[in-house]
Amino acid sequence: MTKKPLMLLILDGLSGIMVLVAAGLVFFYAPVEVMMGMVQKVFYFHVATAWVGMLGFMVAAIAGILYLRKGTQLWDITGYAAVEISVIFFLTAIILGSIWARPIWNTWWTWEPRLTTAAIVELIYAAYLLLRKGVDDPERRARFSAIYAIFGFFSVPITFISIRLLRTIHPIVIGNAEAAASGGFNMDSPMKLTFFFSLAAFSVFFADLLWHRVRLGKLQGEVEQLRIDS
Amino acid sequence: MKSYLNAVRAVIWKDLTAEWRTRENLSAMLVFALLVILIFNFALELDIQAQESLSAGVLWATFIFAGTIGLNRSMAVEKDRGCLDGMLLAPVDRSVIYFGKAIGNLIFMLLVEIIVLPVYSFLYQVPVFQPGFLLVVLLGSIGYVAVGTLLATMVIQVRTRDILLPILLFPLTLPVIIAAVKASQGFLQMVPLDDIAAWLNLLIVYDLIFTSVSFMVFDYVVEE
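In order, the protein sequence lines correspond to chains F and R.
Counting in my numbering, the first sequence runs from 209 upward without gaps.
Counting in my numbering, the second sequence runs from 888 upward without gaps.
Errors might be hidden in some of the hints.
To be verified - Each pair of labels, with its calculated beta carbon distance range:
| id | chain 1 | residue 1 | chain 2 | residue 2 | range |
| --- | --- | --- | --- | --- | --- |
| 1 | R | Phe-952 | F | Gln-433 | 40 to 50 Å |
| 2 | F | Asn-314 | R | Val-1092 | 31 to 41 Å |
| 3 | R | Leu-1095 | F | Ala-327 | 19 to 29 Å |
| 4 | R | Cys-970 | F | Val-431 | 34 to 44 Å |
| 5 | F | Leu-434 | R | Ala-897 | 42 to 52 Å |
| 6 | F | Ser-438 | R | Thr-904 | 18 to 28 Å |
Claimed, not checked - To spell it out: a stretch of chain R is covered by chain F in this simulated footprint if at least three of its residues, at any positions, have a beta carbon under 8 Å from a beta carbon of chain F; those stretches are:
| id | region |
| --- | --- |
| 7 | 945-954 |
| 8 | 995-1003 |
| 9 | 1041-1053 |
I should point out that these hints are in silico values taken from the structure, not numbers from a laboratory.
Don't be surprised by glycine CBs; every beta carbon is placed ideally from N, CA and C.
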């Protein structure tokens, strides 16, 4: 059994503190938005979790490419870990978005293109997890899930482009004054600080979780190996 | 290049000949497609007023479902009788198998569509015979089959193969389905071409990207 690396411990502490500070900034530092009131504060974590979700899917695609090129098991574990974490974060983002949408758009869910895209993305990676469950041979499982992660990541932007083609009510928050009518707003600097700090905090949190999950995957592999050897 | 094309043609020809002897796959797809339309007819109460806006959706749902059956079947046959291993042993580039199978599947899907469209047009008086609409059908089918053939090759090597193909395929091909439905709807409702052009572009881009990615990774799907 390998000892937990010191860097990982530090990262644990750092991500814990950063997420707490981010929450503190959201509740005590960032001003209350004039039009929407308190519920707008969900925005900071809504975007941060969605960002982490997309980040993880990107990591999975890159890990997929690296696995196909190099064939090292580490990349397979990394890809799997990234998808597992991101599926949870992305689901959180969708739920937080719903909480925001209820008072502002007066509905929990609308078949607006960006929400639809989010639902599709979530389903793609749910399918990824099902695919992994269906393959017994580890080498084949790694190959197939690498390919599927690459495909999934290619299809996301194309699905996203369809947003531009259909009319949308989802606000484009940064740098767009016209969006105000549909629940968009301009951020003043305390808001911007809170926003970018939340993004950073969740990114560090993601890196921490990913490291843990990769480590767990490696240990799992070792246990499997020991079982075969004995 | 010439020998490459000959090899692709050989794979397509093999599929067509095998299919011609039994006609299992085509007839199953066709009967299934007609049944789907029948179900939609009752589920959505398709009358002349409703079909105006729903036709494109109903048609594409039918093609997609029938296509899944065809894809699953066409690759399962290769695996069950060890035919895939035989093809892999052939001294040709492996992408030959991908393109051969994909074009074969495309031909089957188009054949089903060629039969379903007049029937649908006859039942609901929909003007499906316009070049633009037929182009959308072709482009949409290409995108669907390009991804579908690759995933079907993957799925037949998996334990849960009977249920996995639609689960993997549908979310990935949703851009195709959205764009194809929107473009078909545009042509059926006589919308000016400018409004449809964006959807056509999206279909073309999707077809190009996913055919190339499939071509690049196919080697890894059949590797032993």
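Lying within 42 to 52 Å: is that true of the beta-carbon distance Leu-434(F) to Ala-897(R)?
49 Å, holds
Given the hint of 19 to 29 Å, check if Leu-1095(R) and Ala-327(F) actually sit that far apart at their C-beta atoms.
Check passed, 26 Å falls within 19 to 29 Å.
Pairwise beta carbon distance, Phe-952(R) to Gln-433(F), judged against the given window 40 to 50 Å
Since Phe-952(R) and Gln-433(F) have Cβ atoms about 44 Å apart, the given range 40 to 50 Å holds.
Does the Cβ distance between Ser-438(F) and Thr-904(R) fall inside 18 to 28 Å?
53 Å, violated
Does the beta carbon distance between Cys-970(R) and Val-431(F) stay inside 34 to 44 Å, or does it fall outside?
About 39 Å separates the Cβ atoms of Cys-970(R) and Val-431(F), which means 34 to 44 Å holds.
Given the hint of 31 to 41 Å, is the C-beta distance from Asn-314(F) to Val-1092(R) inside that range or not?
36 Å, holds
Taking 8 Å as the Cβ threshold, is the statement that the region 945-954 of chain R is covered by chain F upheld or broken by the three-residue rule?
Since three or more residues must qualify, the claim that chain F covers the region 945-954 of chain R is violated, with 0 doing so at under 8 Å.
For the region 1041-1053 of chain R, do three or more residues have a beta carbon lying closer than 8 Å to a beta carbon of chain F?
holds (count 7)
Given coverage of the region 995-1003 of chain R by chain F, checked by CB-CB distance under 8 Å (3 or more):
Since three or more residues must qualify, the claim that chain F covers the region 995-1003 of chain R is violated, with 0 doing so at under 8 Å.
Hint compliance for this structure: hints 6, 7 and 8 are not met, and every other hint is.
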